[in-house]
Amino acid sequence: MRYLVSVIDDKSNPGSTDRQPAISAFNERLIAEGYWVFAGGLADTDAATVIDNRGEEAVFSDGPFVESKEYLAGIWVWEAPDLDVALKLAAEASKVCDRKIEVRPFQ
Amino acid sequence: MSDVEEAITRVHREEWARVVASLTRRFGDLDIAEEAAAEAFATAVQRWPAGGVPPNPGAWLTTTANRKAIDRIRRENKRDDKHKEAQMVYDDDPPEPVGAIDDDRLRLIFTCCHPALAMQSRVALTLRMVGGLTAPEIARAFLVQETAMERRITRAKAKIKAAGIPYRVPSAEDLPQRVTGVLAVLYLVFNEGYLATGPDTDPVRHDLTTEAIRLTRLIRALLPDDGEVAGLLALMLLIEARRTARVSTSGELVSLDEQDRGAWDAELIAEGHRLVRQRLAAAAAGIAPGRYQILAAINAVHTSARDIRDTDWSQVLTLYDQLLRLDPSPIIALNRAIAVAELDGPQVALAAIDRLQNQLAGYHAYHATRADLLRRLGQSQQSRAAYDKAIELAGNTAETAYLTRRRDQLR
Chain A
1 MRYLVSVIDD KSNPGSTDRQ PAISAFNERL IAEGYWVFAG GLADTDAATV
51 IDNRGEEAVF SDGPFVESKE YLAGIWVWEA PDLDVALKLA AEASKVCDRK
101 IEVRPFQ
Chain B
1 MSDVEEAITR VHREEWARVV ASLTRRFGDL DIAEEAAAEA FATAVQRWPA
51 GGVPPNPGAW LTTTANRKAI DRIRRENKRD DKHKEAQMVY DDDPPEPVGA
101 IDDDRLRLIF TCCHPALAMQ SRVALTLRMV GGLTAPEIAR AFLVQETAME
151 RRITRAKAKI KAAGIPYRVP SAEDLPQRVT GVLAVLYLVF NEGYLATGPD
201 TDPVRHDLTT EAIRLTRLIR ALLPDDGEVA GLLALMLLIE ARRTARVSTS
251 GELVSLDEQD RGAWDAELIA EGHRLVRQRL AAAAAGIAPG RYQILAAINA
301 VHTSARDIRD TDWSQVLTLY DQLLRLDPSP IIALNRAIAV AELDGPQVAL
351 AAIDRLQNQL AGYHAYHATR ADLLRRLGQS QQSRAAYDKA IELAGNTAET
401 AYLTRRRDQL R
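Chains A and B, in that order, give the protein sequences.
Going by the working numbering, the first residue of the first sequence is number 1, and it counts up by one from there.
Going by the working numbering, the first residue of the second sequence is number 1, and it counts up by one from there.
Check each hint, because a few of them may be wrong.
One side only, chain A facing chain B, incomplete, derived with CB under 7 Å [what the hints assert, rightly or not]:
no., residue
1, Met1
2, Leu83
3, Asp84
4, Glu102
5, Pro105
Straight-line distance between alpha carbons at most 20 Å, and here's what the computed EDC-like set of lysine to aspartate or glutamate pairs gives [said to hold, decoys possible]:
no., chain 1, residue 1, chain 2, residue 2
6, B, Lys159, A, Asp84
7, A, Lys69, A, Asp84
8, B, Lys159, A, Asp46
9, B, Lys161, A, Asp82
10, B, Lys161, A, Glu102
11, B, Lys161, A, Asp84
Okay, the calculated beta carbon distance ranges per label pair [unchecked claim]:
no., chain 1, residue 1, chain 2, residue 2, range
12, B, Arg151, A, Val66, 24 to 30 Å
13, B, Gly58, A, Asp82, 39 to 45 Å
14, B, Asn191, A, Thr49, 42 to 48 Å
15, B, Arg325, A, Ile8, 45 to 51 Å
16, B, Leu175, A, Phe106, 26 to 32 Å
17, A, Phe106, B, Pro224, 38 to 44 Å
18, B, Leu175, A, Ile75, 49 to 55 Å
19, A, Ile31, B, Thr154, 48 to 54 Å
20, A, Val66, B, Asn191, 39 to 45 Å
Derived from the structure by calculation, the hints contain no laboratory data.
Yeah, the Cβ is synthetic: ideal placement off N, Cα and C, and Gly gets one too.
Could you build the full structure based on these sequences and the hints that come with them?
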């Protein structure tokens, strides 16, 4: 099963900034054990743009689609046999990243 | 109820969880399992009155349910999942020996109590899939709209499917934490059985309390050293021991002070006391007791007294103080106040209870307790008003009858 694993940061209480070595080590393990499909850290929400072309004209907005304290800092895509495996890895990921993690299945 | 109707009710109680668990193992889908089980029982209701109850009702139901599940899978099969369908339909696994059937129910309960599900969903799902209650019954138990409860159950099953919650007993490493979640659910189930709501519900649903006890025993076999499992079992046994004394022949609730203690089940009490003594020894050795162990100890104090007047109320109060430190809930504070009334008089207890007014205004036991204290203080008018409020809020016929009698006894 494929899961979107989102790293959630909080502008009012950000996680530590020295996590990269631990995250790299964690990623290597994910790859070695066959769970890793994709990973990527995201640029700041300020760098996002929203496009709404549902009406007559495309409307562009500067910033993320929802302005909130909590925001998406990075994403993984994992392949795992079931949710228990994914949650166990996510628990580790939360510790390694020092941030909350959301695990959401693909359809 | 006719003999056959009684038999069907009994069989439903005894076999529902086994049938559902067996179907879930085989087809890997809670929705299919539930629907097929429900249809099998519906067929039984149609056929058994004329044809008689089969010699092995459980086997009959499982076979019937299997057929219905296969029919549904065939009907729904749009994708070319023929291989998967064949796997499900042509079950090459030999029938599980009896011992493993308990594992099926254990697997089912761990799945229903999975931490990825909200507590409310776990309770609802466990009551539906394991307890065999209908969605309307569960809705009444938790004072929720029927449609909301049905949605809750449907969403829980959908999440299990969509998120890939596996159908298995947790690993040894995960077991203790997962058990805590299960205990909370079982305690809620037991409480529903202990004093069920609904005007047509049998006030004390023996089946639910028995089921809660049976499942707790199962988990105790898995985790013999877990203090809270032992505590919960002790608590259930000590409460269950008083079951027959708790409701009169006319269907009225009998309060603790009025119960015929000779009618208490001595064996259950002995077992409960044994478990509590074990846990007390562990506490003395430094293992801090959890809430179920403390509640069990409180019940052990009550069941040690031959008469209400022999109750060691100061011991009860000490235990409630300990419990409040763990869990400062208003309901615990309310129950603690009853002990306070015995030691410091109803006036002091009333003052303590009045502080809980905002939090417990919708809780019938709050008004019932107030009513009793006011009665003891001779404040009949206020007592009557409190009884009226309690009666209005109480959903249980036995309790309503009791409260009505107490109110009508006021001068």
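Verification of the hints:
1. Interface hint status for methionine 1/A: upheld, as the beta-carbon distance to the closest one in chain B is roughly 4 Å, under 7 Å.
2. With its C-beta approaching chain B no nearer than about 5 Å, leucine 83/A sits inside the 7 Å limit, and its interface hint holds.
3. At a threshold of 7 Å, the smallest CB-CB gap from aspartate 84/A to chain B is about 5 Å, leaving the interface hint in force.
4. A least Cβ separation of about 12 Å between glutamate 102/A and chain B goes past the 7 Å threshold, and the interface hint is therefore violated.
5. Annotation: proline 105/A was flagged as interfacial toward chain B, and the flag holds, the nearest CB pair being 5 Å apart, inside 7 Å.
6. For the hint linking lysine 159/B to aspartate 84/A, the alpha-carbon distance of about 13 Å falls within 20 Å, and the restraint holds.
7. At most 20 Å may separate the alpha-carbon atoms for a hinted pair to count; lysine 69/A and aspartate 84/A exceed this at roughly 29 Å.
8. Taking the CA atoms of lysine 159/B and aspartate 46/A, the gap is about 33 Å. The hint is violated against a cut of 20 Å.
9. Between the alpha carbons of lysine 161/B and aspartate 82/A the distance comes to roughly 10 Å, so the proposed pair stays at or under 20 Å and holds.
10. Proposed proximity of lysine 161/B and glutamate 102/A is supported: the alpha carbons are some 18 Å apart, at most 20 Å.
11. For the hint linking lysine 161/B to aspartate 84/A, the alpha-carbon distance of about 13 Å falls within 20 Å, and the restraint holds.
12. One distance hint, 24 to 30 Å for the beta-carbon pair arginine 151/B and valine 66/A, holds here, with the actual separation near 25 Å.
13. Glycine 58/B and aspartate 82/A have their C-beta atoms about 29 Å apart, which leaves the hinted 39 to 45 Å range violated.
14. Between asparagine 191/B and threonine 49/A, the C-beta spacing of about 54 Å breaks the proposed range 42 to 48 Å.
15. At roughly 34 Å, the beta carbons of arginine 325/B and isoleucine 8/A sit outside the given window of 45 to 51 Å.
16. Distance hint check for leucine 175/B and phenylalanine 106/A: the Cβ-Cβ separation is about 29 Å, which falls inside the suggested range of 26 to 32 Å.
17. At roughly 41 Å, the beta carbons of phenylalanine 106/A and proline 224/B sit within the given window of 38 to 44 Å.
18. The hint said 49 to 55 Å for the Cβ distance between leucine 175/B and isoleucine 75/A, and at roughly 32 Å that hint is violated.
19. Between isoleucine 31/A and threonine 154/B the Cβ separation comes to about 38 Å, which falls outside the hinted range of 48 to 54 Å.
20. Between valine 66/A and asparagine 191/B the beta carbon distance is about 41 Å. The supplied range of 39 to 45 Å therefore holds.
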